[in-house]
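Chemist: For the protein sequence lines, the chains are Z and W, in the order given.
So the first sequence is numbered by our numbering: it starts at 274 and just counts up by one.
So the second sequence is numbered by our numbering: it starts at 23 and just counts up by one.
Keep in mind that the hints are not guaranteed to be accurate.
[Claimed, not checked] Now the stretches of chain Z that chain W is said to cover, found in silico as 3 or more residues with beta-carbon under 8 Å:
(1) 353-366
(2) 470-477
[Said to hold, decoys possible] Partial pick of chain W residues on the chain Z-facing surface, computed with a CB cut under 8 Å:
(3) 241
(4) 274
(5) 280
(6) 283
(7) 297
(8) 410
(9) 463
(10) 585
(11) 588
What the hints contain is simulated information worked out from the structure, not anything from laboratory work.
Computed from a predicted model, the values in this text were never measured in an experiment.
The beta-carbon is built from N, C-alpha and C at its ideal position, and this holds for glycine as well.
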Amino acid sequence: MTIKLNIIELPKSDYQGKPSSLCPGCGHDQISTVIINAAWENGIPPERIAKMSGIGCSSKTPAYFLGKSHGFNTLHGRMPSVTTGACMANKELCFIGVSGDGDTASIGMGQFVHAIRRNLNMVYIIENNGVYGLTKGQYSATVEKGSRKRKAEENRQNPIDLCAMAINLGCSFVARSFSGSKKQLTALIKAAMSHRGIAVIDVISPCVTFANNDEFFRSYGYVKDNETELHSPDYIPHHTPVEEVDIPAGEYQDIELFDGATLRLETVGNEYDPSDAMAALAAIHKAEIDKMHVTGLLYFDAEQRTLDEELSLSDTPLVDLSDDELRPDEQALADLLAEFRS
Amino acid sequence: MERIVNDFTINIATANGTGSQSANLILLQTMFEMGVPVSGKNLFPSNISGLPTWYIVRVSDAGYQAPGDRTHIQVLMNKDSWVGDLEKLEQGTVVIYNSDVKLPVERDDLILYPVPMTRIARGLNPKLARMIANIVYVGVLAEVLGLDEAKLEAALAKQFGGKQKAIELNLEAVQLGRQFVVDELEVSDPYVVEERERDPDAFLIEGNEAVALGSIFGGIGLLSWYPITPASSVAEELIDHLPKLRVDADGKTTCAVIQAEDELAAAGMVVGAGWAGIRAMSCTSGPGISLMSEFIGLSYFAEVPAVFWDINRVGPSTGLPTRTQQGDLTLVYYAGQGDTQHIVLIPGTVEECFEYAWRAFDYAERYQTTVFGFGDLDLGMNRWVCKGFDYPDAMDRGKVIRSQEALEAIPEYGRYRDVDGDGIAYRTLPGSGLEPILYRGTGHDEDGVYSENPEIYAANMQRLARKIEGARDQLPAPVLREEEELEVGIIFYGSMENTIQEIDDILEETGLKVSQCRVRALPLHSHVEEFVNRHETVIVLEINRDGQMYGILRTELPIELVPKVHSVSFSDGIPPRARVYAERIMEVLEEVHE
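Generate the whole structure from the sequences, applying the supplied hints.
Modeler: Encoded structure:
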């Protein structure tokens with residue numbers, strides 16, 4: 274038996290991590306599997322990936338995927354700032370950030386919005402289950418009004434919709450998905466890895482222990498019955514010529530990504546244009562009114578400059594510069610002192 | 023009347039936001055160019071415009087740089103502080119005042135020089151009269167004190183950065199001020215400035231600019247910061263100097279600067295950049311350190327190099343944002359939850375600000391931890407005489423493994439395994455593919471894997487303590503100036519350097535000879551303990567209420583030495599005045615001898 278290798282001739286085992294210690298059936302583990310598949314199938318060398326997280330159940334998962342990549346399980350709500358610093362040091366790495374709804378929508382809201390505002394070149398995955406798992410199931414700020422977890426009062430506060438917020442902030446890639454929709458999630462995560470700029474993917478990921486009852490809008494049962502797909506996404510990698518791929522029977526739209534890959538969005542029901550921010554916000558609002566979850570690529574804009582481009586960082590990643598390139602020479606100091614003395 | 027040459031203090035009372043800082047700096051620069059030992063202190067409010075501000079110029083052939091005990095020449099420009107300023111003046115003080123303010127000066131024991139400064143300024147340019155009036159007092163002072171005309175012109179041109187129109191207008195204002203003194207006033211005070219030999223190598227610079235330059239020459243790759251008084255000018259000076267000093271052949275920068283959303287993020291970016299292998303720093307003040315503490319603890323425990331400059335202002339809380347203090351010393355030394363301890367570099371001069379700024383990166387990378395630069399508003403935001411900066415030593419990048427061969431040369435590599443007994447483990451960088459781990463702020467074993475094992479936790483914490491302990495004598499040693507008597511030793515640090523000689527001289531006038539020990543880093547160098555050991559009585563002098571360095575000494579010195587150590591600590595926001603501290607030292611010594 275030969276082991277299947279990816280385009281850079283690595284087996285999938287090179288992309289796997291340690292065994293998960295999350296609850297059996299946790300949505301987060303499904304997302305970890307998708308991340309492993311996406312990175313392997315995209316043929317990204319593991320050492321070129323940096324996996325970043327904050328604190329919480331979701332933030333533990335970088336231990337469970339990409340064991341040959343460096344990673345940093347940082348502080349609660351602070352994954353974006355650490356990623357920002359690391360990205361400035363080595364802008365050629367593919368940064369995959371994993372966060373949760375508590376980590377992003379509450380304690381880390383400030384860093385989340387500012388990472389978007391700067392268009393930091395990273396994939397930002399929110400594993401969004403509506404509850405704080407590690408502290409035993411308190412509601413988070415993304416939980417829908419009227420949603421009720423097991424043995425609890427229903428939530429009466431308005432939810433924070435992270436996708437709507439990201440779109441309003443001008444985020445260059447905004448998607449929503451479901452940990453149970455493996456095909457859609459894989460295509461979106463692959464596309465996010467091929468995107469240059471911040472790609473926010475809000476993934477509904479049920480908490481099987483504290484909130485998987487049907488009255489909870491983020492339970493498996495509820496999401497399965499109440500998901501509206503904007504389109505059916507299909508990822509065509511840069512090494513597969515798009516003209517050699519079979520053309521779908523129905524309508525579709527191709528989105529060209531930074532690394533030459535294509536995200537093909539096959540129309541399901543109504544046509545949807547992901548370059549239209551107003552349409553994206555309308556779709557999110559309509560879903561909220563209908564107590565539905567709208568999934569797919571909500572918004573895309575390839576034109577924005579990333580933080581490292583805005584700062585005009587040297588072409589060589591800063592970490593690869595020699596000491597001499599980082600330090601002005603003795604003459605520079607002498608000239609400076611002469612100027613001060615004049 | 024006997025002339026008093028180069029030994030007096032000028033206090034200039036103006037309103038914030040009226041351009042008086044420019045006027046004051048011209049005055050300072052002129053005297054400096056005349057070779058006169060001079061220092062300036064800006065006592066400014068937390069306000070954009072309107073509130074009272076004072077500038078204190080100390081002219082002293084003895085080289086004293088503290089604000090001085092009394093004012094000899096008072097300039098009054100501000101109606102709001104007018105009455106209070108007048109009340110404080112001692113008999114015989116010269117008062118140069120703007121007579122257009124139309125407030126009474128009802129004291130006949132002062133030497134009064136009324137000058138219609140607003141009217142003179144209006145005559146030149148009615149729109150800019152408020153600003154120009156400040157330049158008029160420069161002219162008046164120049165004439166009264168005998169300042170060199172050409173040097174004043176040069177200082178003015180420097181201040182206005184070659185803007186010809188501004189220079190001409192302001193020069194005219196200076197001339198009118200001078201002329202008014204000649205024509206209208208009978209100068210009857212004893213104060214004179216006399217030219218001295220000017221050190222051609224010396225120049226004036228703020229501590230914060232020196233820190234910025236030291237960082238640039240230290241190879242900084244990322245500055246992330248959040249605006250805060252009195253640390254912002256570190257970042258702003260760095261931003262100003264980068265285009266000339268840190269641009270590559272393609273015209274692109276080799277240092278990222280990010281104005282963060284808050285100090286939490288600023289610290290996070292530093293830790294992220296340090297983790298990924300570049301030299302990163304943030305500059306802030308006490309309120310920022312409070313927020314950064316979570317990341318400082320992470321840097322300590324995950325062992326990530328990070329540099330933070332605390333330009334100390336007055337706490338607690340928002341405190342007095344524009345005043346100076348050494349109140350954050352224990353905050354920075356122990357920042358973060360749990361058992362933590364950080365390396366703190368404490369410059370006392372602008373030369374050391376530059377040096378410690380580049381050294382901080384060496385220490386941070388060598389010890390893979392947070393290193394603080396600890397300055398204060400006085401040193402950071404006032405201009406000090408500088409003799410120049412020495413070019414840094416070759417960079418010490420610490421134990422970083424950059425190749426497979428280097429990795430294989432290390433027996434039993436583990437990210438947190440101490441293979442050679444110094445408490446410092448080797449590390450690899452993201453992107454290298456060498457022995458990757460998931461860094462974490464949670465408990466971890468020698469390979470960096472999550473662990474709650476009691477023995478592993480305890481051993482790791484002991485290693486961390488050993489690592490920092492090992493830094494002790496590698497850090498800058500204290501500066502010792504010892505008397506033969508070895509009776510009384512004074513331990514002090516930071517910007518107290520600029521007052522200590524005057525304190526020493528006041529004590530010596532009473533027959534008391536004291537040795538000096540200026541601490542320049544934490545944890546304390548072993549020379550500090552030896553200094554304490556050699557002296558009969560030791561006094562720890564500092565600019566805070568509680569005697570924070572004194573507390574650290576009590577904790578770290580052998581217990582038998584503790585009884586001879588005493589504290590003199592005082593803080594009111596104003597840079598330390600020599601007599602205040604000298605008197606307290608004498609009180610403590612009296613108590614000790616009783």
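Chemist: If a hint holds in the structure, say so; if it doesn't, say that too.
Modeler: Verification of the supplied hints:
{"no.": "1", "hint": "353-366", "verdict": "holds (count 13)"}
{"no.": "2", "hint": "470-477", "verdict": "violated (count 0)"}
{"no.": "3", "hint": "241", "verdict": "holds (4 Å)"}
{"no.": "4", "hint": "274", "verdict": "holds (4 Å)"}
{"no.": "5", "hint": "280", "verdict": "holds (7 Å)"}
{"no.": "6", "hint": "283", "verdict": "holds (4 Å)"}
{"no.": "7", "hint": "297", "verdict": "holds (6 Å)"}
{"no.": "8", "hint": "410", "verdict": "holds (5 Å)"}
{"no.": "9", "hint": "463", "verdict": "holds (6 Å)"}
{"no.": "10", "hint": "585", "verdict": "violated (43 Å)"}
{"no.": "11", "hint": "588", "verdict": "violated (41 Å)"}
Going through the hint list in order, the structure does not satisfy hints 2, 10 and 11.
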